[in-house]
Amino acid sequence: MDRAQWQAFARQFAQLSHRQRLASGDLLRSSAPQVAAVTLIEQTAQAQLHCPACLSTHFHRHGQVHGLQRYRCVPCRKTFNALSGTPLAHLHHKERWL
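Residues 1 to 98 in UniProt numbering are what the sequence shown spells out, letter by letter.
Calculated directly from the structure, the hints in this document are not laboratory data. Owing to the predicted nature of the structure, the values given are computational and were not obtained by experimental measurement. Be a bit skeptical, because a hint or two may be false.
Unchecked claim - Taking CB as the label site, the calculated pair distances span:
no., residue 1, residue 2, range
1, K78, Q46, 13 to 21 Å
2, F9, T57, 43 to 51 Å
3, K78, Q15, 47 to 55 Å
4, G63, Q7, 31 to 39 Å
In this text, a Cβ means the ideal position worked out from N, Cα and C, and glycines have one as well.
Input sequences plus hints: build the corresponding full structure.
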């Protein structure tokens, strides 16, 4: 975003209602913990990452979902992420984990 776009965006804040300003503040505060949690998860799991279905360590990157890197196992062709096969796999609100 260039400077002119940022200034136009900032001027629009004056037109927001009180409720909208509170909601925008909540939105800004909630993204940083999510990024920190995802980064920590991926760094921790990287050394011991393997396919939970066949235990192979031969896999390729296969996109991202909810900020987490997905992988595709070459032998069994199933997809997984750093949380697959762990107790944390289906938990929500990653930003609250730290």
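Hint check, failures only:
none
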